[in-house]
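Sequences listed follow chains R and A, in order.
For what it's worth, the numbering used here labels the leading residue of the first sequence as 61, then goes sequentially.
For what it's worth, the numbering used here labels the leading residue of the second sequence as 163, then goes sequentially.
Check the hints yourself; a few may be wrong.
In silico DSBU-like pairs for lysine-lysine, Cα to Cα no more than 30 Å straight-line [what the hints assert, rightly or not]: (1) Lys65/R with Lys257/R; (2) Lys385/R with Lys159/R; (3) Lys355/A with Lys250/R; (4) Lys352/A with Lys253/R; (5) Lys232/R with Lys183/R; (6) Lys365/A with Lys250/R; (7) Lys334/A with Lys355/A; (8) Lys257/R with Lys195/R; (9) Lys365/A with Lys352/A.
None of these hints come from the bench; they were simulated from the model.
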Amino acid sequence: MVVGKMKLTFQKRVKLAQYLWMLSWFATLGGAVTFTLGCFLKTELRRRGEVMDNTDIHCVPNTLMIVGLASMGINYFASRICQDALDPGRFPRWKTFLKPFFGCSVFFTTLMLISVILSYAMKGSLETSLKIGLKNGIRFYKDTDTPGRCFQKQTIDRLQMEFQCCGNSNYKDWFEVQWISNRYLDFSSKEVKDRIKSNVDGRYLIDGVPFSCCNPSSPRPCIQYRITNNTAHYNYEHQTEELNLFIRGCREALVYYYMGLMNTIGAVVLSVFLLQCSVLASVRLLQTSMEAVAGQENVEVDSEGYLLEKGVKETFMEYVDPVLKLLWMNQPGPLQTTEHTVTWFLCFRLHSGTPRPHTGLKSISIIKY
Amino acid sequence: MALMKVKFDLKKRVKLAQMLWLMYWFSIMAGVLVFSMGLFFKIELRKRSELMDNNESHFVPNILIGVGLLACCLNACGGKICYDSLDSTKFVKWKSILNPFLICCLFFNFLLIVTAVMCFAMRIPLEFTLAEGLKNGMKYYKDTDTPGRCYMKRTLDLMQMEFRCCGNNNYKDWFEIQWVSNRYLDFSSKEVKDRISSNVDGKYLMDGVPFSCCNPSSPRPCIQQQITNNSAHYSYEHHTEELNIWKRGCRDALVSYYGGMMNTIGILVLIVTLLQIAVMIGLQYVNTSLSTLVNPEDPESESEGWILEKTVKETFTDIMAKMKAMGKGNQVDEGANEEAVATVS
Chain R
61 MVVGKMKLTF
71 QKRVKLAQYL
81 WMLSWFATLG
91 GAVTFTLGCF
101 LKTELRRRGE
111 VMDNTDIHCV
121 PNTLMIVGLA
131 SMGINYFASR
141 ICQDALDPGR
151 FPRWKTFLKP
161 FFGCSVFFTT
171 LMLISVILSY
181 AMKGSLETSL
191 KIGLKNGIRF
201 YKDTDTPGRC
211 FQKQTIDRLQ
221 MEFQCCGNSN
231 YKDWFEVQWI
241 SNRYLDFSSK
251 EVKDRIKSNV
261 DGRYLIDGVP
271 FSCCNPSSPR
281 PCIQYRITNN
291 TAHYNYEHQT
301 EELNLFIRGC
311 REALVYYYMG
321 LMNTIGAVVL
331 SVFLLQCSVL
341 ASVRLLQTSM
351 EAVAGQENVE
361 VDSEGYLLEK
371 GVKETFMEYV
381 DPVLKLLWMN
391 QPGPLQTTEH
401 TVTWFLCFRL
411 HSGTPRPHTG
421 LKSISIIKY
Chain A
163 MALMKVKFDL
173 KKRVKLAQML
183 WLMYWFSIMA
193 GVLVFSMGLF
203 FKIELRKRSE
213 LMDNNESHFV
223 PNILIGVGLL
233 ACCLNACGGK
243 ICYDSLDSTK
253 FVKWKSILNP
263 FLICCLFFNF
273 LLIVTAVMCF
283 AMRIPLEFTL
293 AEGLKNGMKY
303 YKDTDTPGRC
313 YMKRTLDLMQ
323 MEFRCCGNNN
333 YKDWFEIQWV
343 SNRYLDFSSK
353 EVKDRISSNV
363 DGKYLMDGVP
373 FSCCNPSSPR
383 PCIQQQITNN
393 SAHYSYEHHT
403 EELNIWKRGC
413 RDALVSYYGG
423 MMNTIGILVL
433 IVTLLQIAVM
443 IGLQYVNTSL
453 STLVNPEDPE
463 SESEGWILEK
473 TVKETFTDIM
483 AKMKAMGKGN
493 QVDEGANEEA
503 VATVS
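If we strip away everything but chain R, and leave its shape as in the complex, we get (with noise of 0.2 Å):
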């Protein structure tokens, strides 16, 4: 069963080769606005990367580049057939070329829908991330003694300035730790003693916060101390008092701007990877059109094009299979079944184990920071 079935006139198959031509030109620039992305979106992310545990969210800037500079690759390729195309004594020499390079562009299309909906799936993975470095950045906020630890307070210092947030899920983060290294407090004094000997793990802990959490648009000025004592201050009512500090927390900010960031991207990377399916359907009809033609005497006549001679699933076992033969060498048992291969781990960690000898899964980790 025939898949896009189509009749190409002699003029048809010239235009067709033209249009190719400018649309794998734009396709070439669509991967390399893809690379861009992928690139500008892994520094942002190394940016703020002191904040953040793991590195899991790194895939997808990773792949967005691979894809890129496949997509680049690939689009070239198809502008130099397509040129060739309409030459039929240039033509046959892509012959042995075009399987592999059907076979590649689309799992290279595959990848670039894929990390599309990577970019929207790993919400919870960064928040999650977030939660935890923001969690150990208030707790070595004070620890700017300590080596390796000595930046962690301009780090959030900053991080709340710039993002207008404060603490990690609201303010009230700071009054659970102690914020103040204790070279700066004065152990002979009342207040302080008493507000050690206040909880178990003798810390200093106050109803405060820094001065990064003060917001610039209060009509007065900030009040970052007692903050939840309305008589140490004039006219304070701290349950109204709305614009003294920023409300919002870190973790809530920050991924409010990674998820904007990667919408927009996976927005640009959803057109680029439309762009590139319309290319390889028309490389593909145009090469099916002129392998029709091959070795006539008259090359104007018209032909047939198609997308795929079998059916999906056949076609697609057709391409898979020396694949996983390369891949499985050495396994004894027979492949029975071959659709279970095909999911292959970028981010996630499952267990690889043994392959199971009937089935054969395997967890192929590509990519990993």
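With the hints as your guide, set chain A onto chain R.
Chain A only, in chain R's frame:
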């Protein structure tokens, strides 16, 4: 004796015209760059016009924008002339206006040099404008309820955080003004009454600064109140404490920011001037080489090209003589009429 005479054959002329056409394209892009730099500078001045009392002079960015547009137009014209110079029939229509066009280019290059000088010189008036503006800005810091000034606090806070500066000259400027609004002062408290009675104007002055003066790089939590009182804070010596609040004054910071921008733009304009001078000289060569063909009918004949027909001194004296002659034009006419009348009669 001509200045920098060069012999041209057809091949050389064609090469010159092609190279010059390419250089004109670069010059058009350079003109666009100057235009966009002027626009960028204008926007940057506008962004901070609140801090300059809305009094800042937009003269330099306006000139840059004008010069950029003019450069684009002149270079587009020049490019077209170059393109047509290879075809003798098309070139004929340009012949008559080529000399005035070159003189225009010369004046334009002078204008570019003047613009570059102004870019470097604008620093001085900017410094004065900023000093005034910042002083007033700090005065209105507390007026968050006065319409028209309610955003001054926010603007100043954001500026101090962005430019990492405090006050006008330094942080002590905040000690001399009342930056806490009366709405948030408890006038029944003894401390407030003491402070207000301690000075002539009845202002609530304190040795504290707003939170936006705080330096995040400080190892200790920010000390913004009672800055000069060493005993108010544990292990604190305000003379040696470098990292607590920003040391730099905002006038200094802003002048250096704008100064840097203007220096870059000035250097860019100078480079564009050099490019313009180069294309002008190239066009002069094209002009002279095409007007001195040995055999006017044969386009493949040899010709000579030069920058000036005579030496610089002679050309200068020629121009002066022409201008004097134009000035005396009426008197010579009258003299000739009298003679004619005398000879007739």
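Now for the hints, and whether the structure bears them out:
1. Distance check on the hinted pair: Lys65/R and Lys257/R sit about 83 Å apart at the alpha-carbon level, beyond 30 Å; violated.
2. Between Lys385/R and Lys159/R the CA atoms are separated by roughly 17 Å; this keeps the pair inside 30 Å, and the hint holds.
3. Among the hinted pairs, Lys355/A with Lys250/R is consistent with the structure: their alpha-carbon atoms are about 29 Å apart, no more than 30 Å.
4. About 29 Å separates the Cα atoms of Lys352/A and Lys253/R, which keeps this hinted pair within 30 Å; it holds.
5. Distance check on the hinted pair: Lys232/R and Lys183/R sit about 24 Å apart at the alpha-carbon level, within 30 Å; holds.
6. Simply put, Lys365/A and Lys250/R have alpha-carbon atoms about 34 Å apart, too far for the 30 Å limit, and the pair is violated.
7. With a C-alpha separation of about 22 Å, the suggested pair Lys334/A and Lys355/A falls inside the 30 Å cut-off, and the hint holds.
8. In summary, the hint linking Lys257/R to Lys195/R is supported, as the alpha carbons are separated by about 24 Å, within the 30 Å threshold.
9. Between Lys365/A and Lys352/A the alpha-carbon distance is near 15 Å, which keeps this suggested pair within the 30 Å criterion.
Violation of the numbered hints given earlier is confined to hints 1, 6; the remaining hints are satisfied by the structure.
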